[in-house]
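Visitor: Here's the letter readout for the chains.
2 protein chains.
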Amino acid sequence: MNRPEALRKIAARLRIHSLRMTTTAGSGHPTTCLSMAEIAAALFFGEMRFNPGDPRDWGNDELVLSKGHAAPILWAAYAEAGILPASELPNLRKVDSVLEGHPTPRMPWVKAATGSLGQGLSVGAGMAAAMRLGKSPGRVFVVVGDGECAEGAVWEAANAAANLGLRNLCAVVDINRLGQSDPTMHGREASAYARKFRAFGWEAAAVDGHDIGALLEALARAGKAGRPTAVLAKTVKGKGVSFLEDRNGWHGRPLKADELERALAEIGPWPEVDPRRFLRSPRKAAPPALRTGTDFAGTEYRDKAATRQAYGNALAALGRVHEGVVALDGDVKNSTYAEKFFEAFPERSFQSYIAEQNMVGMAMGLAAKGRLPFLATFAAFLTRAHDQIRMAGYSLSNIKLCGSHVGVSIGEDGPSQMGLEDLAVFRSVPGCVVLYPSDAVSAEACVAEMARHEGMAYLRTTRPATPLLYGRGEAFPVGGSKTLRRSGADAAAVVGAGITVYEALKAHDLLRKEGISVRVIDAYSVQPLDAEGIVRAAAEAGGRVVVVEDHYPGGGLGEAVAAALSGRAEVRHLCVREFPRSGKPEELLDLYGLSARHIVRAVKAFSAG
Amino acid sequence: MNRPEALRKIAARLRIHSLRMTTTAGSGHPTTCLSMAEIAAALFFGEMRFNPGDPRDWGNDELVLSKGHAAPILWAAYAEAGILPASELPNLRKVDSVLEGHPTPRMPWVKAATGSLGQGLSVGAGMAAAMRLGKSPGRVFVVVGDGECAEGAVWEAANAAANLGLRNLCAVVDINRLGQSDPTMHGREASAYARKFRAFGWEAAAVDGHDIGALLEALARAGKAGRPTAVLAKTVKGKGVSFLEDRNGWHGRPLKADELERALAEIGPWPEVDPRRFLRSPRKAAPPALRTGTDFAGTEYRDKAATRQAYGNALAALGRVHEGVVALDGDVKNSTYAEKFFEAFPERSFQSYIAEQNMVGMAMGLAAKGRLPFLATFAAFLTRAHDQIRMAGYSLSNIKLCGSHVGVSIGEDGPSQMGLEDLAVFRSVPGCVVLYPSDAVSAEACVAEMARHEGMAYLRTTRPATPLLYGRGEAFPVGGSKTLRRSGADAAAVVGAGITVYEALKAHDLLRKEGISVRVIDAYSVQPLDAEGIVRAAAEAGGRVVVVEDHYPGGGLGEAVAAALSGRAEVRHLCVREFPRSGKPEELLDLYGLSARHIVRAVKAFSAG
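The listed protein sequences derive, respectively, from chains A and B. Under this note's numbering, read the first sequence as residues 486 to 1094, first letter to last. Under this note's numbering, read the second sequence as residues 486 to 1094, first letter to last.
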């Protein structure tokens, strides 16, 4: 049997699997699987080279299913390739199966969770960049839905991939004309997509997405022009089943038992073919041997310094001991100080321009292929990538993010530039480590902690320079806190982090003049919080706690502390409670109730109230 | 003096203002103002028609400064137009001035805050759509930076504007070659931008952005082809000052006093011209007389129904009594049930396809021109627009958002589709009303409350159908809560919202069998929370509170309750604390600790612990 003939049979088997699986599950998206049956067959058993025994083989081609709702056909292709037993397929969407409704890395061949649309191309670009960096002969294929091409993130990725010249990246767009609730904007007009991809610097070719020969030819040609390539595959949603083909209203609907029977009858008998005979082995390749380490000599600070500067210094120092570290910037590296790394390691540095979604997506791809990405921009602009951050969580991505210019303490630039919700964003990712250092020494230590932590970690840095509080070499373990002032008779505990630690210290001194002692705690580890330490401090300080933070109330340090204390102390929460404005940093800290005098007042109110 | 000659003088004055203002402020972005001096002059005193006495004149052309860091030249243009006294300009960035570092609607001519890049074109598209809908003769001009064209949101907006045929929308791209930390991807290659805009269905023309005549000609031609138009203006950053021109490293740096002197000497003496003579009056036009109202007859529900269905029913009913209501969908209207409105009012419905950022941005623009936009998608996908949501807050936008399919209770589709951080997102917008109804009756009442509330409001809806708890006509005021079960001897208060209210009721019944009474509270108003009611309930229930919510811990209902109680009660917080997986809704509610038996256990643990 020749390959095209076999692939046609395999495509039919993938259709049968997809229909059966979704009917058994009682939910799922069969019609979007049917439109890409030939695409899946041509990729897995025609063009791609991979070792079915090892998802980490450095020679493997990679596949990202950006249109994640087509998960059933991905699982079916894995089964046909011998990666998982076909007997697993009926477990689709069951609570104890890795065959989830949308792909997640619970199935180890999936290197990034998909299902929030428009993200796969960025992940693929990151993988392709890592593979080029590590001299893998493999290529990256991303199956993109036509509907998701409306997502701007797709064009951020297209832009970046062309700019980086990622000829080892190939997008296959499944142009099946129908979205979930409506036809897509361009219908089956492949030329509309071709125009866009070409304008963004890609090679683009339109093909009949149900013609195995045409697909194989286009895939083989991909990258030959030295550019990333988009194969624009015109398909029919529901292809192969007359009553599903090209019909609106079937998105996300499995067939009922009798419908399934009719559909299977139309597709015909189970096609006899041995798909594994058509797998193509990868070229032999070993991943790069990278020296790794996280112990670096911290910078010797003599005077005040901004934590953002410390981030830059630490990142460059980390880069010297850990060759896997790569850095990404959203065109603000002179503000985040990521430029220190960019200057030292240009070949490991990625200018992502003003495209935060793609920056996070590419970091996911780089991490999936073994790199240790650190990305930085203004914390406010990380909200732009909240969906990617969320999906990086589900992808168990080992990525490190730094958000600078947090809070009203940035001053005159005004609210659009102030990160005031970033703690809520990152605290909403289970297991994400959130660190918020107050001085340069602790900031450098936090960068080392982030590198050591396996999984997502976030560092919150401050714009203004702050005095040194700690000595070089002091440890700042994840989950810890520092008690900066204490006495045997503290009237309250003041918990701060970052810039507010200094206001807490000033308040301490002001109160001491009046004979009132307060404990001052630097809660640099916002997640996990040092709940035990804070509960103990609260108890020792008469059950009175003031939390002061340069952040909105929702989801910040104050609510984390209130939740941890849960009734064991009264908590007064000083934070930004209205839309701030432009002004000098000190003016704004005072105007929005975060300055020392407000802390003093809050402490005194305990005795009054 | 002819117009071009006058405009050249005005451009010089705008340069002088921008340089002086930023030096006086000691911060700001002078060079990005200098590159667009001719653009600003040509727009404000050449092409645009507006009534300087009334920012709400329905005949006005509108200007959105998407590259918001050029705020000084916007303020300067307003001063030259007589909108504000020139004596105000030295107050740039002062804490008591409306002349903020980036534009906000504290200055009433600014209809949407900018400064987070890549958002202005969506806002402009929304305004243009509203103006076309309301038969305004005005046009919308959006000044876009070249750097921000890397943002995918720009291409979402371009896509939408072309699809809607918004010929009254014109983007002027200031191609000044330099970003903040690096040259942009395309340098001054205007043709690269032209290719992209044309591929996205726009008319595009490249001009010398310092040639007043060329700019005027291009602006006058804009829209004539029946399509939105991009004027690609090749400019020089820092234009007019030799030591600033085209130099990297000057972004966001004001001149020192001596540098300012040298710069002003180069620009020459203060040009004599009366800019107001060159203002062009708008064509007379009255805004559409729209019948408004928020009292609609709710649907009569007999059986269980999903709150998302109630959203659709209520929105359609609201549309009948309020002609200003418009609806936007991200191609999931058959899931959010926004389709009910789309079917009833196609001319007031906007299919935004899978482009959530542009959906929110367009809603901002529609609201800025007097419409009352309701947009809906899966709550998880609203994270995609978190930055736009944040900026809508700063824009004081009167937009209403609905996030459906929240929590693990969606079931088999898996984590990528579950909204588990949306409460944190919307609680981080000061003043944003956050409503989370449990049954169809309360959901409809909440839609009416959202319409009545002036400002941003968010509705959280649930996928599965839920039984009716309330009678038609019951009031659900913002800031309220409902006590569903109470006794004189409650052992604890269980606070839930949405799907968990039903688990709380089941727990109540299970506990009653064991002789334990608990209070059950439906906290449908998550923000503002009924803090007083919950504090009272906690006190009456022995200071023991269980909060149960289908959301991550960070920034959700539990932390809001913990913060409100602040030491007055012990709080046990049942919520989703790990990455969930695919499974049946009931299985997942139980697996992640939200089901009745977990509530029972938490209540019993109080007495044990």
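None of these hints come from the bench; they were simulated from the model. Be aware that a few hints might be false.
The list makes no distinction among identical chains, and a pair is therefore deemed to hold if it is satisfied within one copy or across any two copies.
Stated by the list, open to error - Okay, derived cross-link-like pairs now, EDC-like style, lysine to aspartate or glutamate, Cα gap no bigger than 16 Å in a straight line:
#: 1; residue 1: Lys579; residue 2: Glu808
#: 2; residue 1: Lys1089; residue 2: Glu1055
#: 3; residue 1: Lys998; residue 2: Asp581
#: 4; residue 1: Lys579; residue 2: Glu1071
#: 5; residue 1: Lys494; residue 2: Glu1072
#: 6; residue 1: Lys741; residue 2: Glu490
Visitor: Look at each hint and say if it fits the structure.
Guide: Okay, the hints, checked on the actual structure:
| no. | hint | in the structure |
| --- | --- | --- |
| 1 | Lys579 to Glu808 | neither (41 Å within a copy, 46 Å between copies) |
| 2 | Lys1089 to Glu1055 | within (13 Å within a copy, 24 Å between copies) |
| 3 | Lys998 to Asp581 | neither (62 Å within a copy, 33 Å between copies) |
| 4 | Lys579 to Glu1071 | between (55 Å within a copy, 12 Å between copies) |
| 5 | Lys494 to Glu1072 | neither (72 Å within a copy, 38 Å between copies) |
| 6 | Lys741 to Glu490 | neither (31 Å within a copy, 74 Å between copies) |
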